[in-house]
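Here is what each chain is made of, one letter per residue.
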Amino acid sequence: MKRVFKTLGVLALGSMLAACGNNAGATKQADTGSEGSTQASESKSAEGVANVTIWSPTDTAAIEAWWTEKIDQWNKENPDIQVKREAIDRADAYAYENKITTATTSGNLPDILYVDGPMVSYYAANGITVPLDSYFPADDLKDFMPSTVQADTYDGKLYAIAPTESSVALFYNKDYLDKAGIPYPSDTDIKQAWTWSQFLDNAKKLTTADYVGTNIIMDKGEGIIYALGQFFTEGGAQFVSDDGSKADGYINSDASVKTAEYLNEFIKNGYANLDPVKDEFLNGKAATLLGGSWNIADLEKSNLNWGVSYFPVADDGKAASPTGDWAAAITKDSKNPDAAGKFLQWAMNSDNIASYASAVAKPASRTSSYDKMEGWDSGARALMKWQLQNTGVSRPRTPSYSVLSTDFSTAMLNIFSGSNAKDELDNVAKNFDENYEMYYKK
Amino acid sequence: MNNKKINKVLGNVIFYLGNIIVGLIFVSPLLWMLASSFKPELEIFSNLNSLTTFIPAHFTLQNYVEVFQRLKVFTILKNTLLYIGIVLLGDLVLGSMFGYALAKLKYRFRGISLTIVIALMSMPVEAIILPMYIEMAQLGWVNTMMGLTIPFMMNCFSIYMFYSYFISIPDELIEAAKVDGCGPVRTYFSIVMPISKTVFATVFILDFVSRWNDFMWPFLITTGEEKRTVQLAVQIFVGVSPIHYGVIMAVLTLASIPMIIMYIFMQKFYVEGIASTGIKG
Amino acid sequence: MEAKLSKKGKREYGDNIAGFIMSSPALILLIAFLIIPIIYTVYYSFFTYQVVRPDNIKFNAFNNYVKLFKDANFYVALKNTIYFTVIVVPVQCILALILALMVSSKKKGVAVFRTLYYSPQITSMVIIAVLWTILYNSNANTGLINAFLKSIGLQPIDFLNNPKTAMNSIIFMSAWQGAGYQMMIFIAGLNAIPGEQYEAASVDGADWFAKLIYVTLPGLVNTIKYVLMITLIQAMKLFTQPYIMTKGGPRNATKTLVFYIYEQGFQKGNFGYACSIATVFFIIVVTLSIVVKRISRTN
Numbered sequence: 207m208k209r210v211f212k213t214l215g216v217l218a219l220g221s222m223l224a225a226c227g228n229n230a231g232a233t234k235q236a237d238t239g240s241e242g243s244t245q246a247s248e249s250k251s252a253e254g255v256a257n258v259t260i261w262s263p264t265d266t267a268a269i270e271a272w273w274t275e276k277i278d279q280w281n282k283e284n285p286d287i288q289v290k291r292e293a294i295d296r297a298d299a300y301a302y303e304n305k306i307t308t309a310t311t312s313g314n315l316p317d318i319l320y321v322d323g324p325m326v327s328y329y330a331a332n333g334i335t336v337p338l339d340s341y342f343p344a345d346d347l348k349d350f351m352p353s354t355v356q357a358d359t360y361d362g363k364l365y366a367i368a369p370t371e372s373s374v375a376l377f378y379n380k381d382y383l384d385k386a387g388i389p390y391p392s393d394t395d396i397k398q399a400w401t402w403s404q405f406l407d408n409a410k411k412l413t414t415a416d417y418v419g420t421n422i423i424m425d426k427g428e429g430i431i432y433a434l435g436q437f438f439t440e441g442g443a444q445f446v447s448d449d450g451s452k453a454d455g456y457i458n459s460d461a462s463v464k465t466a467e468y469l470n471e472f473i474k475n476g477y478a479n480l481d482p483v484k485d486e487f488l489n490g491k492a493a494t495l496l497g498g499s500w501n502i503a504d505l506e507k508s509n510l511n512w513g514v515s516y517f518p519v520a521d522d523g524k525a526a527s528p529t530g531d532w533a534a535a536i537t538k539d540s541k542n543p544d545a546a547g548k549f550l551q552w553a554m555n556s557d558n559i560a561s562y563a564s565a566v567a568k569p570a571s572r573t574s575s576y577d578k579m580e581g582w583d584s585g586a587r588a589l590m591k592w593q594l595q596n597t598g599v600s601r602p603r604t605p606s607y608s609v610l611s612t613d614f615s616t617a618m619l620n621i622f623s624g625s626n627a628k629d630e631l632d633n634v635a636k637n638f639d640e641n642y643e644m645y646y647k648k
Numbered sequence: 030m031n032n033k034k035i036n037k038v039l040g041n042v043i044f045y046l047g048n049i050i051v052g053l054i055f056v057s058p059l060l061w062m063l064a065s066s067f068k069p070e071l072e073i074f075s076n077l078n079s080l081t082t083f084i085p086a087h088f089t090l091q092n093y094v095e096v097f098q099r100l101k102v103f104t105i106l107k108n109t110l111l112y113i114g115i116v117l118l119g120d121l122v123l124g125s126m127f128g129y130a131l132a133k134l135k136y137r138f139r140g141i142s143l144t145i146v147i148a149l150m151s152m153p154v155e156a157i158i159l160p161m162y163i164e165m166a167q168l169g170w171v172n173t174m175m176g177l178t179i180p181f182m183m184n185c186f187s188i189y190m191f192y193s194y195f196i197s198i199p200d201e202l203i204e205a206a207k208v209d210g211c212g213p214v215r216t217y218f219s220i221v222m223p224i225s226k227t228v229f230a231t232v233f234i235l236d237f238v239s240r241w242n243d244f245m246w247p248f249l250i251t252t253g254e255e256k257r258t259v260q261l262a263v264q265i266f267v268g269v270s271p272i273h274y275g276v277i278m279a280v281l282t283l284a285s286i287p288m289i290i291m292y293i294f295m296q297k298f299y300v301e302g303i304a305s306t307g308i309k310g
Numbered sequence: 009m010e011a012k013l014s015k016k017g018k019r020e021y022g023d024n025i026a027g028f029i030m031s032s033p034a035l036i037l038l039i040a041f042l043i044i045p046i047i048y049t050v051y052y053s054f055f056t057y058q059v060v061r062p063d064n065i066k067f068n069a070f071n072n073y074v075k076l077f078k079d080a081n082f083y084v085a086l087k088n089t090i091y092f093t094v095i096v097v098p099v100q101c102i103l104a105l106i107l108a109l110m111v112s113s114k115k116k117g118v119a120v121f122r123t124l125y126y127s128p129q130i131t132s133m134v135i136i137a138v139l140w141t142i143l144y145n146s147n148a149n150t151g152l153i154n155a156f157l158k159s160i161g162l163q164p165i166d167f168l169n170n171p172k173t174a175m176n177s178i179i180f181m182s183a184w185q186g187a188g189y190q191m192m193i194f195i196a197g198l199n200a201i202p203g204e205q206y207e208a209a210s211v212d213g214a215d216w217f218a219k220l221i222y223v224t225l226p227g228l229v230n231t232i233k234y235v236l237m238i239t240l241i242q243a244m245k246l247f248t249q250p251y252i253m254t255k256g257g258p259r260n261a262t263k264t265l266v267f268y269i270y271e272q273g274f275q276k277g278n279f280g281y282a283c284s285i286a287t288v289f290f291i292i293v294v295t296l297s298i299v300v301k302r303i304s305r306t307n
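Protein chains in written order, with my numbering: chain X, 207 to 648; chain H, 30 to 310; chain D, 9 to 307.
Errors might be hidden in some of the hints.
FRET-style restraints, in silico, Cβ to Cβ [what the hints assert, rightly or not]: (1) X:Gly476 with D:Pro202: 58 to 66 Å; (2) D:Phe70 with X:Ser447: 30 to 38 Å; (3) H:Lys37 with D:Ala119: 16 to 24 Å; (4) D:Ile47 with H:Glu204: 53 to 61 Å; (5) D:Val74 with H:Leu71: 52 to 60 Å.
Think of the hints as simulated: they come from the structure by calculation, not from any bench. Using N, Cα and C, we set each Cβ at its ideal position, and we do this for glycine too.
Given these sequences and hints, build the entire structure.
As C-alpha cells, then:
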C-alpha cells in the first residue's frame, strides 16, 4: 500500500510541476499512466482484404468452439475475406438488443449481426439491416424450414438467415405421472397429445406439496411471448394484423382474453410457479415442463425418468408450436456487404448448419442438414423436428415488435399476479398502436 | 466486586452470542451461495427446508472446473484490474486535488463547484448512458480503453469524500506551511497528502468495489472476449441456456472473493478513513 | 482578470491560482463526461427520436413533456421512487445504527463481526439481485426463505410477484446489502464520542437506554445527518434491483424513475421521450441535493 501512495504522490507532483517549482525527476513516471490506455483499434486491413466482423451472443462452450474452428478454416481458405467474431455477453435477449441499439445510434454496428428471430422485422423496417435475397435465392430457401423463412422475411424480402430453429414441447416426469395414474401422452401421434383441458386437469392432479404440476414460464422477457404466444394462435387469436400495423382488435380480442385467462388458471391455482427456478423440472420440483429443444441434452444427461409429448393442442384440435431462433443479418454499417454475404453463404451451407446444430443440440433450419445429423429420427428430437415442419408458427412480424414483446410480457405477468386480462391486453394494444403510428405509419 | 464480574461475563456472552446469531443470519444468503457452489446441480434445491442446505453433502469442484474451462480467468482479471487502475488513478489524484481545493482554498467559483459536485453525486449513470455513448462515438472512443475508463475517472462521490475529510484538517497546519513559504499546491502534496492515507484508502476501496462490480458501461462500450471484464463474464452463466445454478453460484463466489480479500487487508485503514469523512459531514 | 483578483490581496490571489489549477482537471472531466451528456439529454428531450433512427429526428417542442405530464406510468414511477426512498432510508440507517452499536466495543473478534455485516456491501448489486431472486422464490420447494417460513409453520409469501410485497422485498434486500457501509460510518461516529460522557452518565445512574438517548444519539447528530444524506442520494437512483429482479413489475409496483427512463429509451426505443423523463428527474434530484446541502449547512 505504501508504494501505491508513493507512486500516486509522484505522479501527481509530476503533473503539478508548473505550480510548485523544482521537481524534475518525476516527469518520466507521470507518463507511464497513460501508456496503457490507448489500445490498438481494429487492425488496418492490408490492401484488397475485406474485414468482416460478426456479433453474436456468447454461447455454450460447444458453439464457441464451433465458431473458432469454422472461422479459422474460412480465414485460411479465403485470404481476401478475413472474418472475426465478437461474443457478446448478456444475461438475456433484451440486454443484447440494448447493445445493438446503442451501437446503432452512432454507426458502430458490425458487418454481420445475429438477431433474435422476431426482431428481424424491427431492424429491417428501421433500415438497420439489408436484404439478403441475392445471397440466398428462392431455390436455396426451399431447403429451409418454412417457419425460418417466414420469420426472416419482412416486406417480401429476406433480411436474415437462421442456422437453427427452436421448438417447445411438453416434457413430463414419468414417475410423477405414474403416481397420479395419468397415462403418458403420445410422442408419435399429435391426435393423442394433451388438449388444453387435459393439460390443465393433469397439472391440477400432478400438483403436490413437493412439486408443482407444470412449468410454463421461461423468463420475464422474450420467453413469455415465445413460449406462451402459440397458445394464442391455438385459441384462435392473433397478436397483430397481417401487415403488422395494428394490434387493437387482435391482441385484445375475445379469443385472446380467453387464452390469457386459460393460462392464468395454472398460476392462479398454484399448478405452476410464476417465478420458477430455471431448472425446476430437472430438479424434480415440477411434474411437467413446457421446454425447448435446448433442454433435451441436459435431460438426457440426468437420471430423471422423463418423456416428451407435443405442445398442448386446443380442445378443438387446433395445433401450433413456438419457433424461431437467432438469425444472421448484414447491417447497413457494413463496408463489405458482399464479403459478408459470401461468408454467410458458406456458414449457412448444409454441412456447416449440420455441425452447428449438432454442437448446440438444436434443430437445424435446413432440411438437408438432418441427413448429416445423428439422433433426429426418434424421440424428443424427432418430435421437435416434426413440430417445426407441421405446426410451427413464427412470432408476429412487425416493426413495433420490441414494444409488443415488452408490453405483452408485462401484461401477462400482471394478469398472472391478479390484473384483469382484458384491461391489460387493451393496454398492450394501445401502446403498440401508438408506437406504430408514431414511427412507421406510411 | 463479584456482581461486576458477573455483569462483565454476562455482557460478553450477550455480545458474542448476539453477534454470532445476527452475523450468521446476515451472511446466510452468501453462505448459501458458497455452499451451493460446491454442490452437484440436483442437490441445490433438494433440502432447502433443513439447515443441511448450508452444507454440501456431495462436495464437488465440478462447478469451478466448468467456470475455469469456460473463461480465460487471467485475461478477465487483467482487463478488470487495468480498467480499475486507470479509473482509480484519476479518482485518487485529480479527485483528491479537487476535494482539497473545495475544502481549503478560498478561490472563485468554489461555492458553485461544490454545489455542482453535490448535485452530480445523485445523478444515476443509467439515465444518461446513451448520450454518454453517443459522445464516446463522436470522439471515436467506442471499444477503446479510453472510452471505457476516462468517463469514469471522476466520481463526485469520491470528491465529496475527500472534501469532507480535508475540511477536518486544522487550518493552523496549513497556515504554518504558508508561513514557511509553501504555496497551496505544495502544501497539499507535501503536508496534507501524507497525513491523509486513510481517506485515500477509503476512496480506493469504495471505487475499487464499484468499478469491479460495474456491468452496464463495460457491456455497452466494449466488445469481444479480449476486453471482457468480471461482471460481463458473470453474465455468460446467467444468460446461456440451459441454466445451471451450481455454476452460477461458483462464478458469483469467484467474482466476490477478490473484494472480500481486499477488504480484509484494508479494513484497518478503511474504518479510520470512513471515520474521518463521516463525522464531520 | 488579474486586476480583479489583485484587489482581494495576495493570499486570495495565491488561493485563486492554486484553486483553479487543482480543480480544473477534475472539473474538465466532470463537464466533459457528466454535464455534456446531461445537456444532450435535455436537448434530445425536445425531439421525437426513435432510438435506432438517428437519421430521422424531428423537433417537437414540448410534446414529450405534454405527454409526460399526462402519463400515468410516470406518476407511478415517481411514487415508487419516493416510496422506496422514504422507507429504505430510515430502515437502512436504523439497521446500520443497531449493527454499529453491536460491534462498537473493543472486544476481541469484533473485526470479524464487522466483516460479516459489511460483506454484502462488497458483493455487487448485480450478484446480490441474482442471488436474492432465487432466495425469494415463491415456492417453498425452491426458495430458501419460503422453505424457512414453511418449516416454522408460516404460509409462503410470493415476495416478488405480489404487487403488495414486491417493493418491500426489494427494500429489505437493499437495506441488508447497504447497511454495512453506514454501519462503518456510525462506528466511527461512536468512537468519536468522548468516554467521559458515558462515565458521567453512569455516575448519574443512567442505564444503557438512557445513555443511548442522552449521550449516544446527541453525539451522533452530525454522523446521522451525513448518513441520511448519502443514503438518500443512493436511494433515488434505484435501478439494478428492479432491472434484474422484477423488470419493474408486477403491475408496475417496482417501476422506478430510472427504470422507467431505461425502459422507454432502450426497450421501447422512445429515446426522445426517455430524455424528457430524465430531464424531469434531473430537476428533482438537483433541487433535492441543493436543499439537502442547505439543511446540512445551516446546522
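Going down the list of hints, with the structure as the test:
1. X:Gly476 with D:Pro202: 58 to 66 Å: 59 Å Cβ-Cβ, so the 58 to 66 Å window holds.
2. D:Phe70 with X:Ser447: 30 to 38 Å: Because 33 Å falls inside the window, the suggested range holds.
3. H:Lys37 with D:Ala119: 16 to 24 Å: holds (21 Å)
4. D:Ile47 with H:Glu204: 53 to 61 Å: violated (41 Å)
5. D:Val74 with H:Leu71: 52 to 60 Å: For Val74 (chain D) and Leu71 (chain H) the Cβ distance comes to about 56 Å; the hint holds.
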